[in-house]
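Student: For reference, the chains in residue letters:
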Amino acid sequence: MNKLPLTALSRRRFVQGLAAGGVLTALPGLGFARSPQGSSRLGSPQVLSGREIDLVVAETPVNFTGVTRMATTINGSIPAPTLRLREGDEVTIRVTNRLSVDTSIHWHGIILPYQMDGVPGLSFKGIAPGETFTYQFKLQQSGTYWYHSHSGFQEMSGMYGALIIEPRNGERIKADREHIVQLSDWTDDDPMRAFSKLKIQSDIYNFNQPTFFDFTHDVSKMGFQAALEKRQMWNEMRMSPTDLNDLSAATLTFLMNGTTPAGNWNGIFKRGERIRLRFINAASNSYYDVRIPGLKLSVVQADGQDVKPISVDEFRFGPGETYDVVVEPEADAYTIFAQSMDRSGYARGTLSVQPGATAAVPAVDPVEWLTMGDMMGDMSHGSMDRGAMGDGGMDHSGMDHSQHGAMPMDHSKHDKQHDVRNPLAIPSKTVNHASTEYGPSVDMRVDMPRTNLDDPGIGLRNNGRRVLTFTDLKSVDGVLDDHRPPTREIELHLTGNMERYSWSFDGLEFGKSTPVSLRHGERVRIILQNDTMMTHPMHLHGMWSDLETDQGELLVRRHTITVQPAQRISFLTTPHDLGRWAWHCHLLFHMDAGMFREVVVS
Amino acid sequence: MRNRFMNRNSFKRALGIMVVATPLHTPDLWAQMDHGAGNHQAMQMQGGSAPDDARDPHAYSDGYSLTESPYTQPGLRQLKLADEYAFWAIIADRFEYHEGTDSGVFDLQGWYGTTYNRVVVKTEGEISDERLEESQTDLLWSRALDAYFDTQLGIRLDQYEEGRNRQWLAIGVQGLAPYWFELDVTAYLGESGRTALAIEAEYELLLTQKLILQPRAELNLYGKDDPDNGLGSGLSDLTIGLRLRYEFNRQFAPYVGVHWSDTYGDTADYRRTGGLDISDTQFVVGLRFWF
Numbered sequence: 001m002n003k004l005p006l007t008a009l010s011r012r013r014f015v016q017g018l019a020a021g022g023v024l025t026a027l028p029g030l031g032f033a034r035s036p037q038g039s040s041r042l043g044s045p046q047v048l049s050g051r052e053i054d055l056v057v058a059e060t061p062v063n064f065t066g067v068t069r070m071a072t073t074i075n076g077s078i079p080a081p082t083l084r085l086r087e088g089d090e091v092t093i094r095v096t097n098r099l100s101v102d103t104s105i106h107w108h109g110i111i112l113p114y115q116m117d118g119v120p121g122l123s124f125k126g127i128a129p130g131e132t133f134t135y136q137f138k139l140q141q142s143g144t145y146w147y148h149s150h151s152g153f154q155e156m157s158g159m160y161g162a163l164i165i166e167p168r169n170g171e172r173i174k175a176d177r178e179h180i181v182q183l184s185d186w187t188d189d190d191p192m193r194a195f196s197k198l199k200i201q202s203d204i205y206n207f208n209q210p211t212f213f214d215f216t217h218d219v220s221k222m223g224f225q226a227a228l229e230k231r232q233m234w235n236e237m238r239m240s241p242t243d244l245n246d247l248s249a250a251t252l253t254f255l256m257n258g259t260t261p262a263g264n265w266n267g268i269f270k271r272g273e274r275i276r277l278r279f280i281n282a283a284s285n286s287y288y289d290v291r292i293p294g295l296k297l298s299v300v301q302a303d304g305q306d307v308k309p310i311s312v313d314e315f316r317f318g319p320g321e322t323y324d325v326v327v328e329p330e331a332d333a334y335t336i337f338a339q340s341m342d343r344s345g346y347a348r349g350t351l352s353v354q355p356g357a358t359a360a361v362p363a364v365d366p367v368e369w370l371t372m373g374d375m376m377g378d379m380s381h382g383s384m385d386r387g388a389m390g391d392g393g394m395d396h397s398g399m400d401h402s403q404h405g406a407m408p409m410d411h412s413k414h415d416k417q418h419d420v421r422n423p424l425a426i427p428s429k430t431v432n433h434a435s436t437e438y439g440p441s442v443d444m445r446v447d448m449p450r451t452n453l454d455d456p457g458i459g460l461r462n463n464g465r466r467v468l469t470f471t472d473l474k475s476v477d478g479v480l481d482d483h484r485p486p487t488r489e490i491e492l493h494l495t496g497n498m499e500r501y502s503w504s505f506d507g508l509e510f511g512k513s514t515p516v517s518l519r520h521g522e523r524v525r526i527i528l529q530n531d532t533m534m535t536h537p538m539h540l541h542g543m544w545s546d547l548e549t550d551q552g553e554l555l556v557r558r559h560t561i562t563v564q565p566a567q568r569i570s571f572l573t574t575p576h577d578l579g580r581w582a583w584h585c586h587l588l589f590h591m592d593a594g595m596f597r598e599v600v601v602s
Numbered sequence: 001m002r003n004r005f006m007n008r009n010s011f012k013r014a015l016g017i018m019v020v021a022t023p024l025h026t027p028d029l030w031a032q033m034d035h036g037a038g039n040h041q042a043m044q045m046q047g048g049s050a051p052d053d054a055r056d057p058h059a060y061s062d063g064y065s066l067t068e069s070p071y072t073q074p075g076l077r078q079l080k081l082a083d084e085y086a087f088w089a090i091i092a093d094r095f096e097y098h099e100g101t102d103s104g105v106f107d108l109q110g111w112y113g114t115t116y117n118r119v120v121v122k123t124e125g126e127i128s129d130e131r132l133e134e135s136q137t138d139l140l141w142s143r144a145l146d147a148y149f150d151t152q153l154g155i156r157l158d159q160y161e162e163g164r165n166r167q168w169l170a171i172g173v174q175g176l177a178p179y180w181f182e183l184d185v186t187a188y189l190g191e192s193g194r195t196a197l198a199i200e201a202e203y204e205l206l207l208t209q210k211l212i213l214q215p216r217a218e219l220n221l222y223g224k225d226d227p228d229n230g231l232g233s234g235l236s237d238l239t240i241g242l243r244l245r246y247e248f249n250r251q252f253a254p255y256v257g258v259h260w261s262d263t264y265g266d267t268a269d270y271r272r273t274g275g276l277d278i279s280d281t282q283f284v285v286g287l288r289f290w291f
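First to last, the sequence lines map onto chains A and B. Residues 1 to 602 (this note's numbering) make up the first sequence, in order. Residues 1 to 291 (this note's numbering) make up the second sequence, in order.
These are calculated hints, taken from the structure and not from any lab test. All values derive from a computational prediction rather than experimental measurement. Do not rely on the hints blindly, as some may be mistaken.
[Unchecked claim] Derived coverage of chain A by chain B (criterion: at least 3 residues anywhere in the stretch with Cβ under 8 Å from a Cβ of chain B; other residues may be distant): (1) 90-100; (2) 224-238; (3) 357-368; (4) 443-452; (5) 494-501; (6) 507-516; (7) 566-575.
[As the list claims (entries may be wrong)] List of simulated lysine-lysine pairs, DSBU-like, C-alpha gap at most 35 Å: (8) K210/B with K221/A; (9) K512/A with K296/A; (10) K125/A with K174/A; (11) K210/B with K138/A; (12) K270/A with K221/A; (13) K270/A with K296/A; (14) K270/A with K174/A; (15) K308/A with K125/A; (16) K474/A with K270/A; (17) K174/A with K296/A; (18) K125/A with K80/B; (19) K80/B with K512/A; (20) K429/A with K80/B.
[Claimed, not checked] A few chain A residues that don't get close to chain B, going by computed Cβ distances all over 12 Å: (21) V56; (22) E273; (23) A425.
A virtual CB, placed ideally from N, CA and C, is assigned to each residue, including glycine.
Assemble the whole structure, with the sequences as input and the hints as a guide.
Tutor: Given below as C-alpha cells:
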C-alpha cells in the first residue's frame, strides 16, 4: 500500500469492495462511468462459442475499491468472456494485442500442441503490441477449464476467463441449470510493486502474526513452559506459523465472477432444480475454502475430469484448480462463501430464487497456526517426543485419518512393496534432497514427509464440516487410459526461502535450472515433495498429472495438484505431445520468483 | 549515535525468549530437532552441507539447458522470471529527533540487486545546528552466505565536522539469527593498522499487529586509540535503545523511544577531558519508513 492509513470506513470498503465495482466503460464526454446500470453486467461476461473466436487484449479502467486503476482485460471485461466450445472441434482463436507490452494466452489444462500453449519464451515468442496471434488446436477433452495470460502479472490484473468444453457425446453430469463461479483476487497496487515489497519485507501483508499478547494469553492458558515450547520450533527456525498466503486482504479484494463481496454476485435458480456450479480458482495468489452453508456439495468433476460423485460440505482449491459441484437447493437463498486460506477475507455471492436476495454470510474461521506436521511431515514414525512440543504446537488433528470417514490407509492390505515384478509399483519413500537444497535458497528441508492424502489441510481440520480431500477423488475415466506401470521415477522438491522471498524446485530458481527431460510416450512417475511450509498448486502444462496414493493406486487425473506443507505426493504422466512445456506453482508470485521448470518432451 | 543497524530484507519478528546471547551464525545449530530427553532422532532441517550422495538437481535434464534442447528456436527470447531481476529498497530504520541534544539522527540504508547479490549502502549521521556533525557510510557488496545470513565486503567512510575523517575496509556478516534477532557484525581495517569491530542486534516484539516494541543494542570496539576523534582502544561504547512504533502501514511508522549510551576506557577518558558526559540518555521521536 502506497497510501497512508485507511480510515475504518474506507478500510471496510477496501475489503468489501464497491457494491457496483468493476469495469468502467467510456461514455462520450463523461469520462468513465460504471458499466451498464445496476449489476446486470457484473459477473456475467459475454459468452463466445463456435469454432472461430476473436479476443482483444487491452487496458481497461476498473474500480473495485473506490479508486480507479487500469486493468488488463480480454474483450473489456473481468472475468474475460466465457468460451463455450465443443469437444472434437478444431478451434481458431485470434488474439489481438492492444497493450503497449507483449501478451499471451494460455489455455489452462488443455491438451494441445506446445506451440499453442501460450507461454512466452517456451512455446512461442509472445504476442507483440499491435499483433494478432492465431491459436489453432483440436479439443480432445471436455469439462470446465479456464484461460489466462502467461505474461508478467497480466493474469493478476484481470486477464482470466472460463473455458467450458461441452462433451461431444452429451453430458454425463445431469443438471437443470449451471453457473460458472470464478474466484479471483484484485489488488489496486501495481503487481510488480507488490512483488518487490515482498522482496523487501516478506511478511508485509501478514496481519495474523504471533504477538506478545497471544503469548501472555497462552501463558495463562497453558502455563509459561508450554507457551514457550509452542513457539520454540518456530523461533528456532525463524519460521512463521501463520505464513499461509503471501498476499492477504491487506492488499487484495476477493472477487467472485469479477464481483466484490459487497457487490454480491447473484446466481438465479428455480425451486427443485439441480444446479451445476463450475468453480474455477482464477486467483493470482489466493487459496479459497469454498462452501454453501445449508447445502451439500456433490463434487462431480475436478480439473475438467469427471469423478465419482462425492458429497462434501466444503472444499479447498488453489489457483489453477477447478471443481464442478451439483447442488439441490430447497430454500430460496444461499450464500456461496469462499474464505481465503489465511482467513483475512472472503469472496461471496448468493444463489437465490429471487434476484437480489441475500442469505446470512458466515464469519471467517479463526486463524490457525501451522502444526508440527506441516513443518516436519510425518510425525507418526521416528522417535519424535510429542509431549515436549506443547499442546498448540502438537495439534495433530490433520493426521486424524478417521475424521472424514475416509478409509484409513491400510498398509498391509494394499502394500505392493514386495512386488518383485516391478520395484516401481509403489512410489519410493526414500527422501533424496538435491545437493542444491543446502544453500541460501532453501530455508528448510523435510526428512520425514507425510504421504497421506486424507488431510484437508491447515484451517480445515476438525472444523465440524466434511471437507474434500484427495482420497475422496476417483476419476471416472482418464486415469484408466494408461495401465502401464511407470518405468522410472523423477523426484523433485518444492523449495523456498521466505525471508528472501525466493521460490524454486530443488533450491534452483528457474534461471539456474535445467529442463526436466521426458521421453515421448513414456509412463513416468513424478514425486513432488514440499520442503516448504506453504501450500503450492503445481501445474504441469501439456500432459495430465494422474495422482496416486502412496501405495501406487491411481486416484484422479488433474492438471494442477495441490501439495501441502511437508507432504510428498506422486503422480504418473504420459507425455503425448512433443515440445517445451511449463511446470510451475500457480501462485503467480511463486512462479515468478522461480518455482518454475521447463519440461522438454522429445 | 553509532547505531547503524540495517534491517536486511525483512523485519520478521515473532515472540521469542529474550536471550541476548544468541549465537551469531549458526547454520548447523538447529540441526538437531531433539526436543525431548532421550530423543536422538537426528534431523537436519536447515543449513548444513550436502552429503556426498545428495541428488544431482540436473540429473533429469539429459544434458539439455534452457537455451539448448530439441525445440529451442534460435533468436527466441528466453523466458526470464523475477529470480533474474534486480530489485531495490530504501529503508529509513531511524529518522529521529533527540530531545536532550536538540539534534537529528538518521540511519538509512539502501540496496540494489538480486536475491543473493546486492550492493548495500548504509549511512547514518547526526545533524545539529544545521550541520552534519558526523557520519558513517558503508558501501558494501552483500552476498548470501546461507538461508538467513549475508557476507558483506566493502569500505566505510567516517566524516567528522570536528576531528579527522577515516576510511576503512569493511568485512562482516548480517542476517537473522534464531529467535528472530537481527544481527550485524562488521570488522574494520583502517590506515596505520587501525581496527574496529561493530556489533549490532535488534529485536521486534509485536504487542499487536501494528504496535511494535523494538529493543536494539550496539557496541563498538577499537584496536587503537584515536585521540583525534575521541575514541579509545578496547570497548569504546555501548548503546541500548527501546523504541515503540505504530505501523499505520508496514512502510510508515512513527515512534517514540529512549536511547541510552555509555562510554568506556579511554573513550570515556577523552570525554571527561573534553568536559563531556560519559553516558547519555535521550528521549527520541522519529519516523521509520521504507519504499
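Student: Can you give the numbers of the hints that this structure goes against, from lowest to highest?
Tutor: Hints 1, 3, 7, 9, 10, 11, 12 and 15 are the ones this structure does not satisfy, whereas the remaining hints hold.
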